[in-house]
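Dock the two chains into a complex; use the hints.
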Amino acid sequence: MSARRLPVYLVLDTSGSMRGEPIQALKVGVQALISTLRQDPHALESVHICIITFDAKARVLSPLQSLEDFQMPLIECPQSGPTMTGAALEMLCQCVDRDVQRTTADHKGDWRPIAFLMTDGGPNDTALYAQMIPEVQKRPFASIIACAAGARAKVEPLRKLTANVFNLETMDGHSFAGLFQWVSSTVSSGNRSMGATSSITLPPPPAEIQIVV
Amino acid sequence: MQLTPQRPNIQDIPAFLRAMAEALEKMHVEQRAHGGIVEGALKDWLTTTEDSLDEERFRAAAKPADQLPDDPLQADVLCFATYCIGVIAGTSAANAQPFMATHHQGKEWPTEFLQLLETLAKQDATPRVSISDLSRALSTPIALESVLEPEPAGNSGTPLVKPAHQMPAVRIALRNATVGKPYSYEPGVIASKIAETLGHDPTSARISHLQLPEDCGLAFDQLTGAISGVPTRAFDKELSLDYVPSLSASSITAKVTLLINPDPLSLWKDLPPPADAPYQKPVLAHSEERLGPYRIVAASRRGRSHANKSEFRDDDYAIGYAEETGWLVIVVADGAGSAIYSRRGSQIACDVAKTRLLTVLNSAQHNQAEALYLQHRDWQHPEVKKALRQCLYEAALLAHHKLRAEVAQPTETLAPPPTLRNYDTTLILLVMKKTGEGCIAATFSIGDGGAGILPHVGEGIPLTKADSGEHAGQTIFLTFDSTVANSEANLESRFHSAHTQEFAGALAMTDGITDPKFPSDAAFADPAQWAALWTELQPALTSSQALLDWMNFFSPGNHDDRTLVAVLPSLPAAPDTQ
Numbered sequence: 000m001s002a003r004r005l006p007v008y009l010v011l012d013t014s015g016s017m018r019g020e021p022i023q024a025l026k027v028g029v030q031a032l033i034s035t036l037r038q039d040p041h042a043l044e045s046v047h048i049c050i051i052t053f054d055a056k057a058r059v060l061s062p063l064q065s066l067e068d069f070q071m072p073l074i075e076c077p078q079s080g081p082t083m084t085g086a087a088l089e090m091l092c093q094c095v096d097r098d099v100q101r102t103t104a105d106h107k108g109d110w111r112p113i114a115f116l117m118t119d120g121g122p123n124d125t126a127l128y129a130q131m132i133p134e135v136q137k138r139p140f141a142s143i144i145a146c147a148a149g150a151r152a153k154v155e156p157l158r159k160l161t162a163n164v165f166n167l168e169t170m171d172g173h174s175f176a177g178l179f180q181w182v183s184s185t186v187s188s189g190n191r192s193m194g195a196t197s198s199i200t201l202p203p204p205p206a207e208i209q210i211v212v
Numbered sequence: 000m001q002l003t004p005q006r007p008n009i010q011d012i013p014a015f016l017r018a019m020a021e022a023l024e025k026m027h028v029e030q031r032a033h034g035g036i037v038e039g040a041l042k043d044w045l046t047t048t049e050d051s052l053d054e055e056r057f058r059a060a061a062k063p064a065d066q067l068p069d070d071p072l073q074a075d076v077l078c079f080a081t082y083c084i085g086v087i088a089g090t091s092a093a094n095a096q097p098f099m100a101t102h103h104q105g106k107e108w109p110t111e112f113l114q115l116l117e118t119l120a121k122q123d124a125t126p127r128v129s130i131s132d133l134s135r136a137l138s139t140p141i142a143l144e145s146v147l148e149p150e151p152a153g154n155s156g157t158p159l160v161k162p163a164h165q166m167p168a169v170r171i172a173l174r175n176a177t178v179g180k181p182y183s184y185e186p187g188v189i190a191s192k193i194a195e196t197l198g199h200d201p202t203s204a205r206i207s208h209l210q211l212p213e214d215c216g217l218a219f220d221q222l223t224g225a226i227s228g229v230p231t232r233a234f235d236k237e238l239s240l241d242y243v244p245s246l247s248a249s250s251i252t253a254k255v256t257l258l259i260n261p262d263p264l265s266l267w268k269d270l271p272p273p274a275d276a277p278y279q280k281p282v283l284a285h286s287e288e289r290l291g292p293y294r295i296v297a298a299s300r301r302g303r304s305h306a307n308k309s310e311f312r313d314d315d316y317a318i319g320y321a322e323e324t325g326w327l328v329i330v331v332a333d334g335a336g337s338a339i340y341s342r343r344g345s346q347i348a349c350d351v352a353k354t355r356l357l358t359v360l361n362s363a364q365h366n367q368a369e370a371l372y373l374q375h376r377d378w379q380h381p382e383v384k385k386a387l388r389q390c391l392y393e394a395a396l397l398a399h400h401k402l403r404a405e406v407a408q409p410t411e412t413l414a415p416p417p418t419l420r421n422y423d424t425t426l427i428l429l430v431m432k433k434t435g436e437g438c439i440a441a442t443f444s445i446g447d448g449g450a451g452i453l454p455h456v457g458e459g460i461p462l463t464k465a466d467s468g469e470h471a472g473q474t475i476f477l478t479f480d481s482t483v484a485n486s487e488a489n490l491e492s493r494f495h496s497a498h499t500q501e502f503a504g505a506l507a508m509t510d511g512i513t514d515p516k517f518p519s520d521a522a523f524a525d526p527a528q529w530a531a532l533w534t535e536l537q538p539a540l541t542s543s544q545a546l547l548d549w550m551n552f553f554s555p556g557n558h559d560d561r562t563l564v565a566v567l568p569s570l571p572a573a574p575d576t577q
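Heads up: the sequence lines are chains Y and U, in that order.
Position 32 of the first sequence, counting from 1, maps to 31 under numbering that gives the first Met the number 0, and the rest follow consecutively.
Position 495 of the second sequence, counting from 1, maps to 494 under numbering that gives the first Met the number 0, and the rest follow consecutively.
In case anyone wonders, no lab produced these hints; they're calculated from the structure.
Heads up, the beta-carbon is just placed ideally off N, CA and C, and yes, glycines get one too.
Take every hint as true, because none was put in to throw you off.
Which stretches of chain Y does chain U cover? Using the computed rule of at least three CB atoms under 8 Å from a CB of chain U, they are:
| # | stretch |
| --- | --- |
| 1 | 36-43 |
| 2 | 89-103 |
| 3 | 108-115 |
Extracted from the complex, chain U is given alone in its bound form (with noise of 0.2 Å):
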């Protein structure tokens, strides 16, 4: 059989699927063989070949035939919808099968050229097929996945032809939503946009039913078409849908998928770490005290990203007050998550520090920089940084090489024996001390995290640059050698001073306050966006439980440890009222 239809002119197109429509009906009716109807149909429209059209031909150019419906019109339709597309491309038949290939990859039909094939099929008295209708079914995309729905169980005695409703269905998915986030489709654009998809008239269309879940927090408005609301719980269901295609066409059910993100909040699991596992360290540490001229409010929290998988608080801090001399010293210390032990690395990292510090400073004999500024009485001399900068730089390597003597002879037994690397953390040293010409401040930083310190409530003087690489995370800690070399570069990249007339606040804490504080290198040397922060930070002072509470705050993607240490001017005591 050789069927070598002319193409047809365009205008003739609906009528000779009318024809197709007529002769698949009347075969059905007759219960007659395909061959000789369907030719006949095909001849008075086509020119073809004396071969007659065989039956098994005709049903192996859709599919094979094991892969037919086994309604016998559905069948039909399909093989129909094969030939169509062989004349509207102007091909054989024979090549129908390569024409989908090319034109679909083998994809199953549109639904809706399927749907107006088998509106024909039905001999509806005016079949609102047109050749647009069609071009556009053919080319719908195939984003929405096209089902034939499923035989009903027990279906033998339904009428060969099925109502509108039961025709085929599509599935589509609505926009995925969020438990706590509002959320909503304007009225009308679930309708348009499945017509837009199937070739339909958007202005005419709308959705007749949508069946949300109960006590969802969706509501769907049925006059208008809309979707709004807070959803309340997760979920990922399918969804029935009525989607009504015009005035006055009856309407087609549809599968809808909609997803329901749970609150990141509530998946937060709050898991005590294990208490038999070395270097114990409890999950909070708040203190606050009075020590000389300052009010030091301090909190260091454990992040939910380690609650959640029953790990240590890696943060640590230490605060110190040289009496003798008025200096006072913080520091802050983040133990890197990927280190096992960096929890005690970043508690030796500030207990070491603070005790060379203050040993250093409270002494006249041991402060050089104390000495040179009698000399030079100018905090921002060189000699006078430099030697601060040395004194600080001394804690820090000294904080180092406490490290490494840990990993030669752990304090704890361990097993396998540790590596330096578990024990990586980042340092912030900080030191101040009031003079009578206002407040000098240095700080000597490695790692992210940073410090500042404000001389009005209004501006903020940031005092360290964090190490941070291209990518999040990236940061470098106290363990490395090259953070401790004695070059000029590395000490000067890492060591600031600032001298103010006046002094409001000054800060310390690690990167899981500043990484939500400040989004950006830019926002951290921005001095108010340090002033923001310390208004923010007035109420969480009153008290350091306040503190810690504050510390709670969430911050989508930022849930590492929190520590922040805040000094503040210390009030007068309040005078005797008696």
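Here chain Y stands alone, though its shape is the one from the complex (with noise of 0.2 Å):
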């Protein structure tokens, strides 16, 4: 018998602006992010990882794969280009359709998914964004949390996809290391028993990360 997934959705913003430092720091911050999780018992046997990363287009980069077995892709973004960040909401949605497993008489369901998505813009795709807000809201997520990097992230729009959204306000190593470090207390309180209806109740952000309320 396999263990219940819990499976956690990276939703990264490679889109030109974040050449040079920033992708770098994401990368690592990413990486930082794996790394913890591995230590943490409960997490190597349930986290699941799926990367998505969206600039003129979204892709899954890394499909949904057990955190024992993960590998880290290569990430990398364009010179320029559109943030189409409605578009990877769009893959969100198809990924957890097709990844993840709802109870049925033979199989135990997996854990509700976790959402991050970080972007350092807005989304030029602003009517696929809009319309697809209420399809991520279906589904059926546990905590979807949103951080907008940078002084150039557009707050507003987020806030219309969840109440979790945090202003990360430098895209440096030391600001993202701080962000995957909150991000995996947040997925290691992720499976735990909780009310049909409730959702994950966040541990506290670290200093760099500003709650947008």
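And the structure:
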């Protein structure tokens, strides 16, 4: 019998503005997140990671796979181009519909998935973005965490998506390290008994992250 | 300058490349500028304009000049590569940059392609480059990260042309391993995978050396290229590997990453719960006793997930026996991990429900079910069942109200003031009685976990239906008004009863046991799965300490608190041997 999975979707902005230090810091942050989770026995047995990146288009960079088998993919960004956040949400919904196992008579369901969206801009495909918000909210996420990174990130569209919006003022290695450390504690506390309706309680964010209220 | 080469015939390309390589070599030997020599070579093969080739643009075609390697030959090879792409693609050299962007998304040239060009540049007597090699190298998926080996320190004395084994290396990742889990690569698999990626012949490639860390539990077989073993320690390392593309070729040293996950079992910590927290509860509890015709073995232990975070055991259980009427009362409850005072919630639920059931069932006056049974002489009679159901429901309802009372007036000083949801707990009530006509058992359950009775050792009858959601961890609790609603639908869904002729045992347990032992709802409903669990439990039922030890079993992903109460027929006392 295989253990029930805790699917974790990392939806990451790789548009041109992330080039340079931000994308390097993001890569290191994701790598650190994975390493930290590997030291958490519950996470090591249950967490499955999927990485979706988006710039001019959205793509599944790394399909859902166990933390045990996960290998860091190459994260790259183009010189320039639009930020198709709506397309990324559409892809997220497709992945959740396909990947996440619900309870049946013969199979126990997965834990409710967690989605983490990081962007340093605003959606260029605003119509699709608006259309996908109710679709994402229909999916059984235990938690959707959105992070607006850097000064140019637009917070308003993220607040329409989730109540958990955080602002990362700078996009250097230190900030991303703090952010992903916090994401890992969120993931670690994700697989606990919870009521049918309640969502998980987020641990307090680190100092670098501003909570957008 | 504008080169407008005609696309050469496919079969001409190796010769073209050879000519270009000769031109480069000559240029370096004679230390002459690029323009004349290279253009001379090109003109032999291509129709060009009258413009002459200038060195600056030759270099700029490949990369911004400041990004070119310091080694002049390497730099020329990169520029040369750009030209070759242009030639093969039928585009002009000036357009090579866009071509690069289109076909390689701005990535480095595939290592093997550069290597082929470098081979040419070294003027091997018989270049091994064929157009199919080139095109295969060009289409190399970039899954293998191409890296040029860093320049060795103090290399001023190194020859211009490097020996083959220092040529550009590839970085390869082996499949992740886990401590304690057998791991293997079949003979030749690694070599042929690298060969396939690089466009070599997989049948002749081999790995001549792989440096695995000492005492890591894995061994590399130099003869077959297999890896096998059981990893003994976790690490994430870059290892050195020597790859030999063919029998006649010399080896290429590459970096290989290998990650060994720790054994999850070794990561669990066993931390005591905080001594100054309210509602203290021991992390272990167990008991065994003889009550009437029964022997009861019970144990409850804190789950690894709680021990790891210095949290309390949230499960609880209570057992009682109504001496007057012979009713046995078993209660198990599982406090929700997400509720901070659920350990108290489960304790209140167990104590209150047990006390209430004992009071009611032990008195002929209050025990409607008993009275109705005497009238109908049938435990399955609707009126009898309904009376039993009411008796169980009222116990649950009383426990619900006691939780509310605790919220209103906590027995300990709590800050901030608690809410009802802080005491979330499941509740399973099991009552049973042996009569001359067999055994009657009835349950009332809220949430997950479950109870069942075994008429024979080979068959179990599940007596509860878990409230489970679409996803793991979703259940409902005694604290919800809906679970104690006085509606026919609610009561009927929570009540189950059975009347069996024989009795071999009964079990009541929390989801810490049911999740790993009954992997699906279908399994929980399967009498054979109950029989299998009963068989597995037999050695553990010799004492409650043995049961507590058994409960420490390891099941990936199942680390909740575990509570199990087993009811067995009491063996007759051993006859006096005197």
